[in-house]
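**Student:** For reference, the chains in residue letters:
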Amino acid sequence: MEINKDQIEKIAQLAKLELSEVEKEKYAKQFSSILSFIETLNELNISSDEILGLESEFDNQLRSDESVVCHEDVRNLSLNQAPEIENNQIKVKRVL
Amino acid sequence: MEYHKISIKDLSDLLQKRELSSLDLCNYFLDRIKRIDPKIKTCISVFEDEARKQAVLADERILAGDKSLLLGIPYLAKDNILCQGFKTTAASKMLENYIAPYDATVIKRLKESGAVLLGKANMDEFAHGSSTETSSFFISKNPWDVERVPGGSSGGSVAAVSAGLCVFALGSDTGGSIRQPASFCGVSGLKPSYSSVSRYGLMAMTSSTDVIGPIAKSAKDLSLIMNVIAGFDENDLSSFKQSIDYCQNIDNSLKGIKIGIVPEFIDSLEDSLAKIVKESISVFESLGAQIKNISLKYNKYAGPAYYIITPSEVSSNFARLDGIRYGFSFDYKAKGSNSENLNEIYLKNRGEAFGPEVKRRIMLGTYALSSGYYDAYYKKAIAVKNLIKKEFDGVFEEVDAILIPTSPDVAFKIGEQIDDPVKMYLEDIFTIGPSLAGLPGLSIPAGFSKDLPFGIQIISKKFRDDIVLNLANQFQSKTEFHQKFPNLN
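These protein sequences, in sequence, are chains P and F. Residue numbers for the first sequence follow this note's numbering, so the first one is 1 and each next one is one higher. Residue numbers for the second sequence follow this note's numbering, so the first one is 1001 and each next one is one higher.
For reference, chain P alone in the conformation it holds in the complex (with noise of 0.2 Å):
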């Protein structure tokens, strides 16, 4: 399947990764390798409800629903790590 430098940009959008033109001109080619790679599946014929009836092999597996102590340690390594701090919680720039 061919994928053009404007699908790249849409999927790089959504990726939130900021790309330059030479990058998305080199990743359209590549990503149409790699689909086409990928695209053998379809050799497979695989029904509907095989792919519908898929099982996980593992049950949920729960804990009660408490906090846990974090290490201050652990938690001064992690927050001091964030460019700017207020309050013990990291500030970033505004959303909107």
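If you're looking for bench data, these hints aren't it; they were derived computationally from the structure. One thing to keep in mind: the hints can contain errors.
[What the hints assert, rightly or not] SDA-like mimics (lysine to any residue), calculated; alpha carbons at most 20 Å apart, straight line: (1) K1348/F with V22/P; (2) K1241/F with R63/P; (3) K1108/F with S78/P; (4) K1241/F with L62/P; (5) K26/P with K1359/F; (6) K1359/F with E9/P; (7) K1359/F with E25/P; (8) K29/P with V1422/F; (9) K5/P with Y1373/F; (10) K1390/F with L41/P; (11) K1423/F with R94/P; (12) K1087/F with E72/P; (13) K10/P with D1322/F; (14) K29/P with Q1417/F; (15) K5/P with L1347/F; (16) K24/P with K1348/F; (17) K1379/F with N45/P; (18) K91/P with K1348/F; (19) K1423/F with A28/P.
Position chain F relative to chain P; hints supplied.
**Tutor:** Just chain F, lined up with the frame of chain P:
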């Protein structure tokens, strides 16, 4: 004495008998790293002071009568495993300043056992690759031929063990990232059964197949490490609850063991490599194993399925990497100050900090999971994953283990494949299937071609890592490939 050529058990004996101190052993390896690593560049960080501190502690414990087998044994950890207070970078610009706030469970367990952490090993950026060429910092070299890659993504860990810069190393394997470099560098590398080793503190890539595993010079060494790092962890609720003794069956006779081989896989190899695999099969026959031809007809779909599943999970796991929380833009007042809003900061940070392979995978995953494509790609890939798993289940009703090549060729030259993503993905053609099925897979050295190592891969049923270790150990009792070392002088 060449301590880097000695097994964990024998080193432990020397330390326990006080013929050698842990501090001396630690300094021996730190010295080797200083002298040899500039040629092969396996280490991102070396923790000289911390390592010596841990070695001194190990000596005190030995004096007090502690007989733990890994006490005082130096190792390296792949740089996607968190070590509290130290840089953990995943070989990415995104995390080049990131200090881990806590220890991964495997690191905690190894600390408790008294093993000595020397530093962090280089890797493909965020474990995305099969050559260690995508590291944002530098390319690691294969100790057998420094113009060739060590394989990836645990290339640094594997090359360090191969070059004798540590006694063992930790890597991670999602689609082949321990096994393939182990084949390229002539060492023993185990991808344990999925969920047998806690992933707490391992930077998540493909959560449904990621496993931390050991790399060492022999199967016996691997089993000792597994007994320390494996086991249920309440911080990783996907971890397997039953405890396993990985050393228990390692010396069992192979009489009556049934090993499956796949003739088409062997025929697909170049002659000298096919010869190595066939000779390995003969070794197992001489040990009493019965060989049976089997078929893995879904194997050719493992790669395509994996390269949908991995990017999909990656695109989700990497959403947390916004460039704000993990140290990338600690100086963003200078870097991003002309960005008006949060969205622009995300776009800029992520665009700047991620390398090409990481971006490709994030975008592939975003595409595969997006509306209109989810059923066609992701759900289909999961259905294929299930078919592959069922095929292995069927095979294991007839045989106890499977023997196949680890990689399609010996180590390739640096730069040879970096511009061709699909060619790089095909490196994993023999390792992805077992990953998708969650099975244990072990690569051990089985011969040389053009003076380069080539490994064979032993696979067994889920949670029967003891079988793969047993087969590997018996093979190593009859062959000497695992005792060959590259000449780095």
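**Student:** If a hint holds in the structure, say so; if it doesn't, say that too.
**Tutor:** We went through each hint and held it up to the structure:
1. Taking the CA atoms of K1348/F and V22/P, the gap is near 16 Å; set against the 20 Å cutoff, the hint holds.
2. Distance check on the hinted pair: K1241/F and R63/P sit about 15 Å apart at the alpha-carbon level, within 20 Å; holds.
3. At most 20 Å may separate the alpha-carbon atoms for a hinted pair to count; K1108/F and S78/P meet this at roughly 19 Å.
4. For a cut-off of 20 Å, the pair hint linking K1241/F to L62/P stands: about 14 Å separates their Cα positions.
5. This hinted pair checks out: K26/P and K1359/F have alpha carbons roughly 12 Å apart, not beyond 20 Å.
6. Proposed proximity of K1359/F and E9/P is supported: the alpha carbons are some 12 Å apart, at most 20 Å.
7. A distance of roughly 14 Å separates the Cα atoms of K1359/F and E25/P; the hinted pair therefore holds under the 20 Å criterion.
8. Proximity of K29/P to V1422/F is assessed by CA-CA distance (about 12 Å); at most 20 Å being required, the pair is judged to hold.
9. Between K5/P and Y1373/F the alpha-carbon distance is near 18 Å, which keeps this suggested pair within the 20 Å criterion.
10. Proposed proximity of K1390/F and L41/P is supported: the alpha carbons are some 17 Å apart, at most 20 Å.
11. Only pairs whose Cα atoms come within 20 Å are accepted, and K1423/F paired with R94/P is rejected, the gap being roughly 43 Å.
12. Simply put, K1087/F and E72/P have alpha-carbon atoms about 19 Å apart, close enough for the 20 Å limit, and the pair holds.
13. For a cut-off of 20 Å, the pair hint linking K10/P to D1322/F stands: about 19 Å separates their Cα positions.
14. Proposed proximity of K29/P and Q1417/F is supported: the alpha carbons are some 16 Å apart, at most 20 Å.
15. At most 20 Å may separate the alpha-carbon atoms for a hinted pair to count; K5/P and L1347/F meet this at roughly 17 Å.
16. For the suggested pair K24/P and K1348/F, the alpha carbons sit about 15 Å apart, so the restraint of at most 20 Å is met.
17. For a cut-off of 20 Å, the pair hint linking K1379/F to N45/P stands: about 13 Å separates their Cα positions.
18. In summary, the hint linking K91/P to K1348/F is supported, as the alpha carbons are separated by about 18 Å, within the 20 Å threshold.
19. Simply put, K1423/F and A28/P have alpha-carbon atoms about 17 Å apart, close enough for the 20 Å limit, and the pair holds.
This entry does not satisfy hint 11, going by the numbered hints stated previously; all others are met.
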